[in-house]
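K.L.:
Letter by letter, the sequence shown follows residues 1 to 246 in full-length UniProt numbering.
Hint data in this document are derived by calculation from the structure and do not stem from the laboratory.
By construction, the Cβ of each residue, glycine as well, lies at the ideal position given by its N, Cα and C atoms.
The calculated label-pair distances, taken between Cβ atoms and stated as ranges, are:
#1 Tyr138 - Ile98: 22 to 28 Å
#2 Val94 - Gln169: 23 to 29 Å
#3 Arg161 - Tyr138: 30 to 36 Å
#4 Gly245 - Ile212: 42 to 48 Å
#5 Arg161 - Leu120: 18 to 24 Å
#6 Arg161 - Ile218: 31 to 37 Å
#7 Leu155 - Glu180: 18 to 24 Å
Here are the computed lysine-lysine pairs in the DSS-like style, where the Cα-Cα straight-line distance is at most 30 Å:
#8 Lys232 - Lys101
#9 Lys238 - Lys101
#10 Lys238 - Lys168
#11 Lys101 - Lys168
#12 Lys168 - Lys232
#13 Lys115 - Lys101
#14 Lys115 - Lys168
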Amino acid sequence: MRCSCCGYSCSLVTRRLCHIQPSYQTKSILFSTRITLCRCLTPIAVKHERNGGQALFYLIFINYNNKSIVREAQPLLASVVVIHLVSLFTLSAVTKLISIKLFVQSVQQFQLLPKRLAILFGGCIPLIELIGASLLLYHHSRLYGILVIIVLLTLFSYAVRSVLRTGKQISCSCYGRLLEAEVDRFTGGKIIYLFILVGFVAVMHSYVLLEITVPAVITGTGLTILFLFSQKMWFIYKENMARLGK
Numbered sequence: 001m002r003c004s005c006c007g008y009s010c011s012l013v014t015r016r017l018c019h020i021q022p023s024y025q026t027k028s029i030l031f032s033t034r035i036t037l038c039r040c041l042t043p044i045a046v047k048h049e050r051n052g053g054q055a056l057f058y059l060i061f062i063n064y065n066n067k068s069i070v071r072e073a074q075p076l077l078a079s080v081v082v083i084h085l086v087s088l089f090t091l092s093a094v095t096k097l098i099s100i101k102l103f104v105q106s107v108q109q110f111q112l113l114p115k116r117l118a119i120l121f122g123g124c125i126p127l128i129e130l131i132g133a134s135l136l137l138y139h140h141s142r143l144y145g146i147l148v149i150i151v152l153l154t155l156f157s158y159a160v161r162s163v164l165r166t167g168k169q170i171s172c173s174c175y176g177r178l179l180e181a182e183v184d185r186f187t188g189g190k191i192i193y194l195f196i197l198v199g200f201v202a203v204m205h206s207y208v209l210l211e212i213t214v215p216a217v218i219t220g221t222g223l224t225i226l227f228l229f230s231q232k233m234w235f236i237y238k239e240n241m242a243r244l245g246k
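Using the sequences and the accompanying hints, generate a full structural model.
P.N.:
This is the structure we're talking about:
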């Protein structure tokens, strides 16, 4: 099926930037120069290939008259996940910094590091979280942000696993005084959930242009609120079960 405007395939077409037929102009996210696009097609992704030593950038377009909703859902979903991660780690970092003494004390309770190293590590974690969240916001630095978050989650996983193995009961000041929580299997489940989200962003980043839009901000922030609400509900559930068991 051919586009009546430009003759390209209607469902999905890929063209070199310099080969796109002119109809109207739009600003490219990755390039400082203006590129020309067919009026009936909308850019949804970027594809990068290498031909010998030459780097080639492609834009992938979709016609809104043919399966546009399915195609457009990919970058929107990825943007929502990015906002969710950014808002969650930013909130986590800010609440830790506000109650930094409490958080450092909780790090010392793990007894995985000498006292001085535990204090230093506890003081650095909120700053590293802020750096990781900031890097996730921008396309050119997002991969670095992903690496920072993965390192943090790996360290958290090791700490949680050590606690679960020993059976200790340690309070988790992941959100300072904002939320009460303990290190338990639910904490491990949250880490797995975050690993999945970070992996999704890493995969989508390689071929989808992520745009920070109002719907993405609202939805991503809403997911963060639900995430915190689930933690609160879990803590209340554990308290009630403990009372019933007495």
